[in-house]
Amino acid sequence: MIDYNKALSKTIREMKPSGIRKFFDIAQGMEGVISLGVGEPDFKTPWLIRKQAIDVLEKGKTCYTANSGLIELRNEISKYFERTIDTHYDPQHEVIVTVGGSEGIDLCIRSLVEPGDEVLVVEPSFVCYSPIVEICGGKAIGIQTKVENEFRLTAQELRENITDKTKLLILPFPNNPTGAIMRREDLESIAQVLKDTNIIVLSDEIYSELTYSGRHVSFAQIEGMRERTVVINGFSKSFAMTGWRLGFVGGPEPIISQLLKLHQYAIMCSPTVSQYAAVTAMQSCIGDIEKMKKEYDMRRRYVVDAFNKLGLDCFTPQGAFYVFPCIKSTGLTSAEFCEKLIFSKKVAVVPGDAFGSCGEGFVRVSYAYSINHLREAVKRIGEFLRELEDEKR
Amino acid sequence: MDRLIGLLKSNARLSNSELAVMLGKSEEEVKQEIERLENDGIIKGYTAIVDESAYDPNSVFALIELKVTPQSQSGFDEIAQQISGYEQVEAVRLMSGTYDIIVEVTGKNIRDISLFVSQRLATIAAVQETTTHFGLRVYKDNGIIIGSDEKDERGMMFP
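If you're matching them up, the sequences are chains G and W in order. For the record, in the first sequence the residue sitting at position 159 is 158 according to numbering that gives the first Met the number 0, with numbers rising by one throughout. For the record, in the second sequence the residue sitting at position 124 is 123 according to numbering that gives the first Met the number 0, with numbers rising by one throughout.
No lab work stands behind these hints: they were computed from the structure. Treat the hints with care, since some could be wrong.
[Claimed, not checked] Here chain G is said to cover these stretches of chain W; the calculated rule only asks that three of the stretch's residues, wherever they fall, bring their Cβ under 8 angstroms from a Cβ of chain G:
no., stretch
1, 3-11
2, 15-26
[As the list claims (entries may be wrong)] DSS-like cross-link-like pairs, simulated, lysine-lysine; straight-line CA separation at most 27 angstroms:
no., chain 1, residue 1, chain 2, residue 2
3, W, Lys150, G, Lys290
4, W, Lys24, G, Lys290
5, W, Lys150, G, Lys43
6, W, Lys150, G, Lys50
7, W, Lys8, G, Lys21
8, W, Lys8, G, Lys308
9, G, Lys344, W, Lys150
10, W, Lys30, G, Lys292
11, W, Lys30, W, Lys43
12, G, Lys145, G, Lys164
13, G, Lys293, W, Lys139
14, G, Lys43, W, Lys8
15, G, Lys308, G, Lys345
16, G, Lys339, W, Lys8
17, W, Lys150, G, Lys345
18, W, Lys139, G, Lys43
19, W, Lys24, G, Lys308
20, W, Lys150, G, Lys292
21, G, Lys339, G, Lys308
22, G, Lys290, W, Lys107
23, G, Lys290, W, Lys30
24, W, Lys43, G, Lys308
25, W, Lys30, G, Lys293
26, W, Lys107, G, Lys378
27, W, Lys139, G, Lys290
28, G, Lys378, W, Lys24
29, G, Lys292, W, Lys139
30, W, Lys43, G, Lys293
31, G, Lys292, W, Lys107
32, W, Lys139, G, Lys50
33, G, Lys292, W, Lys8
34, W, Lys8, G, Lys293
35, G, Lys293, W, Lys24
[Said to hold, decoys possible] So the derived list for chain G, only partly shown, Cβ under 7 angstroms to chain W, looks like this:
no., residue
36, Ala26
37, Gln27
38, Val37
39, Glu39
40, Phe42
All residues carry an ideal CB built from backbone N, CA and C; glycine is no exception.
Please model the complete structure; the sequences and the hints are all you need to start from.
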């Protein structure tokens, strides 16, 4: 008999599975559940992009590409960075096409973190950062952002958490799950704290195109910060291409050349068909982003207003496609709230503490759904809250 | 105000307050804008989109092409207006191409429509020829997918 406990890596065995697994299983096994739980667009990938993939398949262009990706695509990505964040990355040496933004995050953390290093992770945030840090033997230090600061990272919070072991700061804005963004002046004050250190910044900008007030600003744009910033972005959220698994990384050559080695050995290259399709996305489908964004924006306004009217305080997010209402007034924990809601009204939302302990007292609501779907969900949540009130009496 | 029209076309039952929130306007502004669109004849009315075959499995939809001799004074207008006056007619359009006018009709059964064509349309002096096409199945109507429950392929929950 094999002793799997001995066979498997201790680090992996001790890694906690994602906190939403339980709710996922409940929701998946129930009839008639309406979900507000997904983290991907409800739009289909624009037709031109799908058509390009079909053409590429018909022509049989299915070989490996260069490790760092098709040069045509890297050229487009380089232009995209210049256009959107006024930052130049050499398409030959400073851009890698990755398997989703996720691979970019993995490459970056694994290329930088050594045992004993500390990595600052802004929380609440997407669930993948800390586990990867731990695989590397690093220590993830959560920086807990606050609703009164609209979940932005402040210079003081950052300063308090820096030690001589700090290697990397993970800056995930626009933020999943809070919808918070960092404005230029917020980033400038972060830059002031970092400028004389050796700390690298992983700026996860996968939701950059979904910024509802003003223009998205990257940390790489802040004076002097390009040299210490790795920018992660991708096609999943902006072009509704989640299943195509395509992201990209831009950064200074000394860092990117190291990431590329890891990418080479682990992945070889990103999916070829997706890469060709992504060239079309960049060249011909920028207008689709704007259309989708307008639609999300209307839903955002609707959902924020609806939750506030229901008595669940909800700050107005300026990015991504989530709202993060506070449920403390119900007297329930996030997990209790989500569990009761799904059992009594068959509405699935994600408990805020799945994104870090400071998400306790909140739930994440995705508005990547049609208005009619959202209205039905809001109606059911309203009934749920009234019934909770009645129970209390 | 394209967005207001777009929203109303997708769901005319959205309340003014819901529309106002989504568009970032006041309820009063939305109310006035809708009144203006109605008064200017841009919004002609509000209707329900019904899956007729689910409501009455015997009902039949037909598109009837008409070749028409234009009248010296009114061209096609007078005839098109006359046809529009029939209660069972849902839409009348003047078309380019091999025929002149297309008429959309829903009837209780095929006989119902046959009678309408033979007694009402074919008898109009200016109508030279009619071609009736019966609908077999509706897949989409007024922008709404009909007759198939398109499933959300996405997982219920994802971080």
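Each hint, compared with the structure:
1. Requiring three or more residues with a Cβ within less than 8 angstroms of a Cβ of chain G, the coverage given for the stretch 3-11 of chain W holds, as 3 such residues are present.
2. Look at the stretch 15-26 of chain W against chain G: 5 of its residues bring a Cβ nearer than 8 angstroms to a Cβ of that chain, three or more, so the hint holds.
3. The suggested pairing of lysine 150 (chain W) with lysine 290 (chain G) holds, with an alpha-carbon distance near 23 angstroms, which does not exceed 27 angstroms.
4. Distance hint between lysine 24 (chain W) and lysine 290 (chain G) is fulfilled; the C-alpha atoms sit about 19 angstroms from each other, no more than 27 angstroms.
5. Between lysine 150 (chain W) and lysine 43 (chain G) the alpha-carbon distance is near 13 angstroms, which keeps this suggested pair within the 27 angstroms criterion.
6. Restraint check for lysine 150 (chain W) and lysine 50 (chain G): satisfied, since their Cα atoms lie roughly 22 angstroms apart, inside the 27 angstroms limit.
7. Of the pairs offered as hints, the one joining lysine 8 (chain W) and lysine 21 (chain G) is violated, with about 39 angstroms between alpha carbons and a cut-off of 27 angstroms exceeded.
8. For the hint pairing lysine 8 (chain W) with lysine 308 (chain G), the CA-to-CA distance comes to about 26 angstroms; that is within 27 angstroms, so the pair holds.
9. Annotation: proposed proximity of lysine 344 (chain G) to lysine 150 (chain W) holds, straight-line Cα distance about 20 angstroms (limit 27 angstroms).
10. The straight-line distance between the Cα atoms of lysine 30 (chain W) and lysine 292 (chain G) is roughly 25 angstroms, inside the 27 angstroms bound, and the hint therefore holds.
11. Only pairs whose Cα atoms come within 27 angstroms are accepted, and lysine 30 (chain W) paired with lysine 43 (chain W) is accepted, the gap being roughly 16 angstroms.
12. In summary, the hint linking lysine 145 (chain G) to lysine 164 (chain G) is supported, as the alpha carbons are separated by about 25 angstroms, within the 27 angstroms threshold.
13. Proposed proximity of lysine 293 (chain G) and lysine 139 (chain W) is supported: the alpha carbons are some 24 angstroms apart, at most 27 angstroms.
14. Proposed proximity of lysine 43 (chain G) and lysine 8 (chain W) is supported: the alpha carbons are some 20 angstroms apart, at most 27 angstroms.
15. At roughly 21 angstroms between alpha-carbon atoms, lysine 308 (chain G) and lysine 345 (chain G) fall within 27 angstroms of each other, so this suggested pair holds.
16. The hinted pair formed by lysine 339 (chain G) and lysine 8 (chain W) fails the criterion: a straight-line CA distance of about 36 angstroms is larger than 27 angstroms.
17. At most 27 angstroms may separate the alpha-carbon atoms for a hinted pair to count; lysine 150 (chain W) and lysine 345 (chain G) meet this at roughly 17 angstroms.
18. For the hint pairing lysine 139 (chain W) with lysine 43 (chain G), the CA-to-CA distance comes to about 17 angstroms; that is within 27 angstroms, so the pair holds.
19. For the hint pairing lysine 24 (chain W) with lysine 308 (chain G), the CA-to-CA distance comes to about 17 angstroms; that is within 27 angstroms, so the pair holds.
20. Restraint check: the Cα-Cα separation between lysine 150 (chain W) and lysine 292 (chain G) comes to about 23 angstroms, which is no more than 27 angstroms; the hinted pair holds.
21. Restraint check for lysine 339 (chain G) and lysine 308 (chain G): satisfied, since their Cα atoms lie roughly 21 angstroms apart, inside the 27 angstroms limit.
22. Of the supplied pair hints, the one linking lysine 290 (chain G) and lysine 107 (chain W) is violated, its CA atoms being roughly 41 angstroms apart against a limit of 27 angstroms.
23. In summary, the hint linking lysine 290 (chain G) to lysine 30 (chain W) is supported, as the alpha carbons are separated by about 25 angstroms, within the 27 angstroms threshold.
24. Taking the CA atoms of lysine 43 (chain W) and lysine 308 (chain G), the gap is about 33 angstroms. The hint is violated against a cut of 27 angstroms.
25. In summary, the hint linking lysine 30 (chain W) to lysine 293 (chain G) is supported, as the alpha carbons are separated by about 21 angstroms, within the 27 angstroms threshold.
26. A distance of roughly 37 angstroms separates the Cα atoms of lysine 107 (chain W) and lysine 378 (chain G); the hinted pair therefore is violated under the 27 angstroms criterion.
27. Distance check on the hinted pair: lysine 139 (chain W) and lysine 290 (chain G) sit about 22 angstroms apart at the alpha-carbon level, within 27 angstroms; holds.
28. Of the supplied pair hints, the one linking lysine 378 (chain G) and lysine 24 (chain W) holds, its CA atoms being roughly 23 angstroms apart against a limit of 27 angstroms.
29. Distance check on the hinted pair: lysine 292 (chain G) and lysine 139 (chain W) sit about 25 angstroms apart at the alpha-carbon level, within 27 angstroms; holds.
30. Of the pairs offered as hints, the one joining lysine 43 (chain W) and lysine 293 (chain G) holds, with about 26 angstroms between alpha carbons and a cut-off of 27 angstroms not exceeded.
31. With a CA separation close to 44 angstroms, the supplied pair lysine 292 (chain G) and lysine 107 (chain W) exceeds the 27 angstroms bound.
32. In summary, the hint linking lysine 139 (chain W) to lysine 50 (chain G) is supported, as the alpha carbons are separated by about 22 angstroms, within the 27 angstroms threshold.
33. Taken as a hint, the lysine 292 (chain G) and lysine 8 (chain W) pair is honoured in the structure, with Cα atoms around 19 angstroms apart against an allowance of 27 angstroms.
34. Between lysine 8 (chain W) and lysine 293 (chain G) the alpha-carbon distance is near 16 angstroms, which keeps this suggested pair within the 27 angstroms criterion.
35. Among the hinted pairs, lysine 293 (chain G) with lysine 24 (chain W) is consistent with the structure: their alpha-carbon atoms are about 15 angstroms apart, no more than 27 angstroms.
36. Using the Cβ-Cβ criterion of 7 angstroms, the hint placing alanine 26 (chain G) at the interface with chain W is satisfied: the shortest such distance is roughly 4 angstroms.
37. Among the interface hints, the one on glutamine 27 (chain G) holds; its C-beta lies about 5 angstroms from the nearest C-beta in chain W, closer than the 7 angstroms criterion.
38. The beta carbon of valine 37 (chain G) comes within 5 angstroms of a beta carbon in chain W, closer than 7 angstroms, and the hint placing it at the interface holds.
39. For glutamate 39 (chain G), the interface hint holds, since its Cβ comes within 7 angstroms of a Cβ in chain W; the closest pair sits about 6 angstroms apart.
40. Hint status for phenylalanine 42 (chain G) relative to chain W: violated, with the closest Cβ pair at about 11 angstroms, above 7 angstroms.
Of the hints listed earlier, those the structure fails to meet are numbers 7, 16, 22, 24, 26, 31 and 40, in rising order.
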